[in-house]
Every structure is written in C-alpha cells, then in structure tokens.
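Starting from the given sequences, assemble the full structure and let the hints guide the process.
Chains S and P, in that order, are what the protein sequence lines are.
Every letter in the first sequence is one number past the one before it in our numbering, and letter 14, counting from 1, is 4.
Every letter in the second sequence is one number past the one before it in our numbering, and letter 34, counting from 1, is 57.
If a hint is listed, it holds; no wrong ones were tucked in.
In silico DSSO-like pairs for lysine-lysine, Cα to Cα no more than 30 Å straight-line:
1) P/65 - S/47
2) P/24 - S/47
3) P/24 - P/128
4) P/24 - P/65
5) S/47 - S/4
6) S/61 - P/24
7) P/65 - S/-1
8) P/128 - S/-1
9) P/65 - S/4
10) P/91 - P/24
11) P/65 - S/61
12) S/61 - S/47
FYI, nobody ran anything at the bench for these hints, they're computed from the structure.
One letter stands for each residue in the lines below.
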Amino acid sequence: NAGVTQTPKFQVLKTGQSMTLQCAQDMNHNSMYWYRQDPGMGLRLIYYSASEGTTDKGEVPNGYNVSRLNKREFSLRLESAAPSQTSVYFCASSESGLAGLGGSYEQYFGPGTRLTVT
Amino acid sequence: KQEVTQIPAALSVPEGENLVLNCSFTDSAIYNLQWFRQDPGKGLTSLLLIQSSQREQTSGRLNASLDKSSGRSTLYIAASQPGDSATYLCAAPPPGRGYALNFGKGTSLLVTP
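Following this line, the structure appears as structure tokens:
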C-alpha cells in the first residue's frame, strides 16, 4: 500500500517549457487535490477533483491544467512554465471531497515534486 | 475563505517538556480541522482529524482540541522528544464548501536534547 505517489520528485524547466506532474493513489479515494507550497505563503489549492470525471479550480489555478484520468490518477500540467511557478507541488487524496456529508474527509499527501523554472 | 493562523511561528523547547501549539480560524462553521506534521523536504503526514461534533482527539502523546465558538484549536504534545522536531500545520475547509483545505503557515518546532 503506497498511499499517494508523485512523479517526478525533482524537475528543472526553462521558461516556456511544458511538463506534466503525475499523481496516483491506491486508497480507492474519490477526491484528489493539487496544492503548491511556497515560503511565507503556506499551502494553496491549485485544482481539485471531488470525484472521477469532475475537476474545479482552487485558489491559484492560473497557468495550470488538470486531468482526472481515472479514479486513481490526477495529473497537473504546466503548458508554458514561468519562474513564478517555481514551487513544491503536493498531491493529496481523501475518501470524500465534501466534508460533513459522511465518509472520511481526512486528506493524505504525497511526497511532493520540487520544481524550479529558470 | 477560511483564514487559518498559527502562533507561534517557531518554538524551541528542551526535551521532556509538554507544549501547546495554537491554531485559530475565522469561520466557526467548520466541518472539521486537521493537524499535520511536515519534516524538512518531505510531504505532510496527517496527525489528527477533529470532526465538528468532537471537542478533542488523541493519538499517543498528541491531543488536539477544537473550540468552534472561539475559533481555536490546540495541539498538545506531551513529554516532547527530539524526534518531534518538525513543522506542524493545521488546516480547515473553507466555509460552506467543505472540499479542500485552507492551511496555516505552520509552527516550526525544535526539541533539543
């Protein structure tokens, strides 16, 4: 049982390049999330997927796209990387995306991807 | 948005001390609150999840309490150890929506031998 896995662990891009961050979970969770963590800013939500087939914007979605490929996988794409996207990216999952409606809302995080855009 | 604040930003204590980490939130209509631990260069590990109907949760030497009326949660660590050194984050979902989490900026804890 690996929990939440992310690839790659590290990446360096040049401005304008594109890449996709991969995330997979093996806990049969319905909901998945992408956050970014920046010094002094804390963790901020980029996109989330409450259930398979649905995605919605979070607090900082500009410059990103997501795909919920199936129940296990949720990818984050940077179409044209910018230095402002230098950050640590975390994927997370939970059984239920809607707290208060039953099920376990506890979120589990992957190890992160450290991205540098030069 | 749910504004989450953690005080202090950093804390250093000698081994064996009992300590309290504070978390405050702006909207008392929260569904739950979650405490995490983050080691340097690592991901987040969930420590405790408190549902809105609960007042506290315990796991080993950790005890988290929730007071919705005052907009506060505390994480109590008993008999601290050097291995407890990490950043502790609290997080709560935004009001009326429930999904995802708004995070505090964390308390960086150093336990010295």
